[in-house]
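S.K.: As given, the protein sequences belong to chains A and B, one line each in that order. Under our numbering, the first residue of the first sequence is numbered 497, with each subsequent residue one higher. Under our numbering, the first residue of the second sequence is numbered 497, with each subsequent residue one higher.
Simulated from the structure, these hints should not be mistaken for laboratory data. There's no promise every hint is true.
Computed cross-link-like contacts, DSSO-like style, restricted to lysine-lysine with a CA-CA straight-line distance of at most 27 Å [stated by the list, open to error]:
hint: 1; chain 1: A; residue 1: Lys-549; chain 2: A; residue 2: Lys-582
hint: 2; chain 1: B; residue 1: Lys-651; chain 2: A; residue 2: Lys-783
hint: 3; chain 1: A; residue 1: Lys-646; chain 2: B; residue 2: Lys-646
With beta-carbon atoms standing in for the labels, derived distance ranges [claimed, not checked]:
hint: 4; chain 1: B; residue 1: Glu-644; chain 2: A; residue 2: Asp-516; range: 23 to 33 Å
hint: 5; chain 1: B; residue 1: Ser-667; chain 2: A; residue 2: Ser-554; range: 55 to 65 Å
hint: 6; chain 1: B; residue 1: Asp-542; chain 2: A; residue 2: Pro-780; range: 26 to 36 Å
Footprint (simulated), chain A over chain B, 3 or more residues, beta carbon under 8 Å [claimed, not checked]:
hint: 7; stretch: 565-579
hint: 8; stretch: 642-650
hint: 9; stretch: 662-670
hint: 10; stretch: 731-738
hint: 11; stretch: 764-778
hint: 12; stretch: 795-805
It should be emphasised that the depicted structure is a prediction, and the values quoted were computed from it without experimental measurement. The C-beta atom is built at its ideal place from N, Cα and C for all residues, glycine as well.
Protein chains: 2
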Amino acid sequence: MRALGIDLGGTHATCGLVEDRRIIAHETLDTNRAKSLRAVLPNISDALHRLVKDNGLSLQEISGIAVGIACLVDSRTTRVLATHGKYDDAGDIDLGGWSREKFDLPLRIENDARMALLGEYLAGAARGFSDVVMMTLGTGIGGVTMIEGKLLRGKHSQAGCIGGHFPVLFSGRPCSCGGIGCAEAEASGWSLPAVLNDWPGIASSALAKYSNIGFKELFAEAAAGDTIARDVRDRCLKIWAADAVALIHAYDPEILVIGGGIMKSAEVILPAIESHVHRHAWTPWGKVQVRAAELGNNAALLGAVPLLSECMSEETRKVSQSH
Amino acid sequence: MRALGIDLGGTHATCGLVEDRRIIAHETLDTNRAKSLRAVLPNISDALHRLVKDNGLSLQEISGIAVGIACLVDSRTTRVLATHGKYDDAGDIDLGGWSREKFDLPLRIENDARMALLGEYLAGAARGFSDVVMMTLGTGIGGVTMIEGKLLRGKHSQAGCIGGHFPVLFSGRPCSCGGIGCAEAEASGWSLPAVLNDWPGIASSALAKYSNIGFKELFAEAAAGDTIARDVRDRCLKIWAADAVALIHAYDPEILVIGGGIMKSAEVILPAIESHVHRHAWTPWGKVQVRAAELGNNAALLGAVPLLSECMSEETRKVSQSH
Numbered sequence: 497m498r499a500l501g502i503d504l505g506g507t508h509a510t511c512g513l514v515e516d517r518r519i520i521a522h523e524t525l526d527t528n529r530a531k532s533l534r535a536v537l538p539n540i541s542d543a544l545h546r547l548v549k550d551n552g553l554s555l556q557e558i559s560g561i562a563v564g565i566a567c568l569v570d571s572r573t574t575r576v577l578a579t580h581g582k583y584d585d586a587g588d589i590d591l592g593g594w595s596r597e598k599f600d601l602p603l604r605i606e607n608d609a610r611m612a613l614l615g616e617y618l619a620g621a622a623r624g625f626s627d628v629v630m631m632t633l634g635t636g637i638g639g640v641t642m643i644e645g646k647l648l649r650g651k652h653s654q655a656g657c658i659g660g661h662f663p664v665l666f667s668g669r670p671c672s673c674g675g676i677g678c679a680e681a682e683a684s685g686w687s688l689p690a691v692l693n694d695w696p697g698i699a700s701s702a703l704a705k706y707s708n709i710g711f712k713e714l715f716a717e718a719a720a721g722d723t724i725a726r727d728v729r730d731r732c733l734k735i736w737a738a739d740a741v742a743l744i745h746a747y748d749p750e751i752l753v754i755g756g757g758i759m760k761s762a763e764v765i766l767p768a769i770e771s772h773v774h775r776h777a778w779t780p781w782g783k784v785q786v787r788a789a790e791l792g793n794n795a796a797l798l799g800a801v802p803l804l805s806e807c808m809s810e811e812t813r814k815v816s817q818s819h
Numbered sequence: 497m498r499a500l501g502i503d504l505g506g507t508h509a510t511c512g513l514v515e516d517r518r519i520i521a522h523e524t525l526d527t528n529r530a531k532s533l534r535a536v537l538p539n540i541s542d543a544l545h546r547l548v549k550d551n552g553l554s555l556q557e558i559s560g561i562a563v564g565i566a567c568l569v570d571s572r573t574t575r576v577l578a579t580h581g582k583y584d585d586a587g588d589i590d591l592g593g594w595s596r597e598k599f600d601l602p603l604r605i606e607n608d609a610r611m612a613l614l615g616e617y618l619a620g621a622a623r624g625f626s627d628v629v630m631m632t633l634g635t636g637i638g639g640v641t642m643i644e645g646k647l648l649r650g651k652h653s654q655a656g657c658i659g660g661h662f663p664v665l666f667s668g669r670p671c672s673c674g675g676i677g678c679a680e681a682e683a684s685g686w687s688l689p690a691v692l693n694d695w696p697g698i699a700s701s702a703l704a705k706y707s708n709i710g711f712k713e714l715f716a717e718a719a720a721g722d723t724i725a726r727d728v729r730d731r732c733l734k735i736w737a738a739d740a741v742a743l744i745h746a747y748d749p750e751i752l753v754i755g756g757g758i759m760k761s762a763e764v765i766l767p768a769i770e771s772h773v774h775r776h777a778w779t780p781w782g783k784v785q786v787r788a789a790e791l792g793n794n795a796a797l798l799g800a801v802p803l804l805s806e807c808m809s810e811e812t813r814k815v816s817q818s819h
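Given these sequences and hints, build the entire structure.
M.R.: Okay, here's the thing in structure tokens:
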């Protein structure tokens, strides 16, 4: 199957032409200054048309368009349910209509972390497994789930999708989601500066010299021997491990795939989470495998084909039942 | 549909004859001193035969036997996966064979908290809802889930079933499950004495006079104005509320049903959890209803009919697919 994929991130939109397990070609658009999705759509449309044409194909040879977006979406209605500061107009845009008008193709929309899980399932770390949890550690924390080969979605498309928002510190920090002490509020890219700011003695740490601090700097200073950096890093590792246990207890996976920007320090993070999970997750049936994601930024685009196949087989099933 | 139900608790086994939404008759056996399930089975068998006969029925008029047990079970193989100190021989007993030999009836086994959810779904607080989370607050904390009208089970029958074991305090107390800082390790009947024992100034509290302390005493002393009792009670309420948020974020339910022995203090617990959930759970689609369980100790027995129907429709589906 051939498909077009759009990965709508916070600062970039990546458009890709995908065939089964392979990205044939892709083009990345800078959307950092774009305030609305509506403003970006014409550029995306141009890029997709170029990808098809430049690769000697016609739209008739494409099965559909899959959009991954960092929002809660209702994949059944292709509607965005809640945004997080970016693309606030997304909920008002009829993307299905846009796709029919510009491409005469069916379009499906899904949360970008769910798309990435589908990609890892098709062509990456989760290949061959039917029950998968994927954590994404970055600016936020993603936690998405596949059970028995199907994405878990639930009543309002929110099940198995916001696993970074399990409270791991019941009287902790307020989270951007409205929660308290969510893993994301305690140990993510956006919450790290606030955590450091409140850390006792932070002024004496090597971390004090950075105006803009992220996990890269934290892990580097911890490795260089700064005590506070080490304490903060170890606290983050414990929080991610606790969130991993919560995800395993919630969804009973065979494998936990961990991805995201922070995994540049995978050599520290992976063994820490794995050893915690193997000691503390309640899995009388055996041990959950813990693996690093393999596809990086390509994961969501590679989720395009499984997402569209899933929708098509769903429609075939409905049609065959109504006959 | 008519069924026999067995609710195997820690100190009692309740046997019931159930017809649709109604318990026709039941008999409770004291199993407090029984060390093994094998030792109890003859009494259970006698009780079930009596229930059928005394109500003017024959075994041919019964559809099957449903067993609820406080263990992890593999409902697909009717096998007990992990016990918790009680009935340690359960994993070695072929209950399906026992049922065929003694009754010539099919038997299904399920975690008792899942059975209780099925009961509340059929005839109690969750009637009319398809997406339900049920918390049980008692000696332990149960957290079970139904999504789109089906119990969530997952790869090893453990998904949607151990919601009392989400870590809500990432560096908290060791839990009986092997985890750290699980809701159950921080605020349940079995962990309360240890929490109190470590509480600063506990010797000066009215709670110090009890040799055997439970939530009944804690809530009474808190209501009577004891400061430490109030602080411990409020900490428990926060933990249960955080666990409720985790369950909602994990499973996306329409309704949260709360049951268990501690709900004798429902007038304090229910508003506290409801107001926390309505303020802090991320549910852009609307508000999760929070309700007290209605069926009490009858819930698991009333789950017998839906459990057996579920299995039968599953078998019908498999048969029709293989033709």
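S.K.: Out of the numbered hints, which ones does the structure contradict?
M.R.: 1 and 12
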